[in-house]
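The listed protein sequences derive, respectively, from chains A and B. Under the working numbering, the first residue of the first sequence is numbered 3, with each subsequent residue one higher. Under the working numbering, the first residue of the second sequence is numbered 259, with each subsequent residue one higher.
Worth flagging that the hints you see were computed from the coordinates, not collected in a lab. This structure is a prediction, so every number in the text was calculated from the model and none was measured. Accuracy of the hints is not assured; some may be wrong.
[Stated by the list, open to error] Result set (EDC-like, lysine to aspartate or glutamate): computed pairs, CA atoms no more than 20 Å apart in a straight line:
| id | chain 1 | residue 1 | chain 2 | residue 2 |
| --- | --- | --- | --- | --- |
| 1 | A | Lys-162 | A | Asp-65 |
| 2 | A | Lys-70 | B | Glu-424 |
| 3 | A | Lys-162 | A | Glu-122 |
| 4 | A | Lys-186 | A | Asp-217 |
| 5 | A | Lys-162 | A | Glu-191 |
| 6 | A | Lys-138 | B | Asp-299 |
[To be verified] Reference listing, derived: stretches of chain A covered by chain B, where coverage requires no fewer than 3 residues with Cβ under 8 Å from a Cβ of chain B:
| id | stretch |
| --- | --- |
| 7 | 68-75 |
| 8 | 100-110 |
Think of the CB as a built atom: it goes at the ideal place given N, C-alpha and C, for glycine as much as any other residue.
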Amino acid sequence: MSAVSFDNVWKEYGDHIVLERLTFEIASRAFIALVGPSGCGKTTFLRMLLGEESPTRGQILVDGKPLKPEPDSDRGVVFQRYSVFPHLTVLQNVVLGRELQRAKLTGRLFGPAKCAAVEEAMALLAEVGLSGHEHKYPASLSGGMQQRLALAQAIMRGPKILLLDEPFGALDPGIRADIHVLMKRLWNETELTIVMVTHDLSEAFRLATRVIALDRSRIRPEERERFGATVSRDLEIYPRRTAKARQLATFRSGQDDQAENGA
Amino acid sequence: MRLMNLRPGRQARFYLAGLPFMLLAIAYFAGSGLRLAENPDDKLLPALSTMAQAVKHMAFEMDVRTGTILMLSDTIASLVRFFSALAISTSAALVLGILIGLLPGANALLAPFVGVASMVPPLALLPILFIVMGLGENSKVALIVIGTLPFIIRDITMRVMELPREQLIKAQTLGASTWQVALRVVLPQILPRLIDSLRLQLGPAWLFLIAAEAIASDSGLGYRIFLVRRYLSLDVIIPYVIWITFLAFVMDAGLVMLQRRLFPWFASVRSE
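Sequences and hints are given; from them, build the entire structure.
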């Protein structure tokens, strides 16, 4: 639950301008989908938001304060690959966030504290549909299940902003549809502001409250280096979607949101 | 069918594996038989019975002069040096390798130094070690450490740097400090890779051990081999070499088993 604002942000690598003139606000609780052709700086944008890279010019503000220059627990992330730890079981992966938070020195919880964390993690795993897989290693899960695990792991720590870097890009269409339902539900039931990078336009319009397209305005070879990509389209989705908690068991007609049903 | 697509079955694999050993044994005993037929006192290729006699003397009879079983005391002396040296170099390499791999500052400080140090030929340092540390156990252990440490450090450093960037970022978004990342993300993923690295260093470690023992020692497997060399006692040397090879092979197999037992998740990560 955080608002993010970009104030004339530029990103340059030496002479090469990747992003330029980014000025826009992301409302609290928004679900932003960031689309654009490959090489237009979507990933650079996300890395800046993560704190992995800092803007060359301009600044990024979160709730009015400058963004911290390194990743922290306010910003969760799910990457397309390598998002979960291969040496931990499913349960251990989710419990890890709590252990890192509570046990600064050992990074491990014991006794009642551990039991509480495990209980919490089990509930979350049930939520994302991974009950019964708690003691498997990630390598024995399918791609879709690994991404569900990555989501649970990120949410366990209670971030304010969730960043998704083409999280469902490598999944089969059927599995992707299932995980879209989950994603939507998590957005409704948690307090998250979500920024998702994707190259799948239908996914962007199905999930997001607002779709932002990045593109280069100048594409002649001699101009390419010196002009970066910037916001070329900024579309609010109508009917306007707002996050609201829904009961899990409620039958969802989808009438309030036709795009959710794939329209 | 192409040769590259012919896969031997289980049984064929077993016989194929045994074949080179058999051929070597046949070649040896044929040569040995020929030479001994010509000159029964030939010492160069001793017969099996001669070697068995020597092994019986070395491994199953008390040595009159020292009151010990020679092969046993040699083995213990060598293994103590071997294991204490490897314990030092693996634990030091683990700490330094993780530091250099994870912290850019430590990398800038130490990586070039380790790179240069690993190019110093360890055996060329042996005289210095003997002069500085004396002829006792320390100089032998130090030689093995100097010989293996830089390579394990460099290997561990590379393995740490190969960990996907996404994992390190992810850990930070879960609130991990540098210490916690090292402890919960890097260390457990590096341990199975450390075993790989250690396996590759077994050969060099034995080399340095035998070399140090050959030059200045009063016990150990390498000492014995170089001692009996003066009497052309190949009937002792050959069993000793086989014994050393066997010890090294058992260690290697043990490390593989340890890796499978302790890190069941590692096989699938490596196959990626």
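Taking the hints in turn, this is what the structure says about them:
no., hint, verdict
1, Lys-162(A) with Asp-65(A), "11 Å, holds"
2, Lys-70(A) with Glu-424(B), "18 Å, holds"
3, Lys-162(A) with Glu-122(A), "19 Å, holds"
4, Lys-186(A) with Asp-217(A), "27 Å, violated"
5, Lys-162(A) with Glu-191(A), "13 Å, holds"
6, Lys-138(A) with Asp-299(B), "66 Å, violated"
7, 68-75, "holds (count 4)"
8, 100-110, "holds (count 8)"
Checked against the numbered hints listed earlier, the structure breaks hints 4 and 6; every other hint is satisfied.
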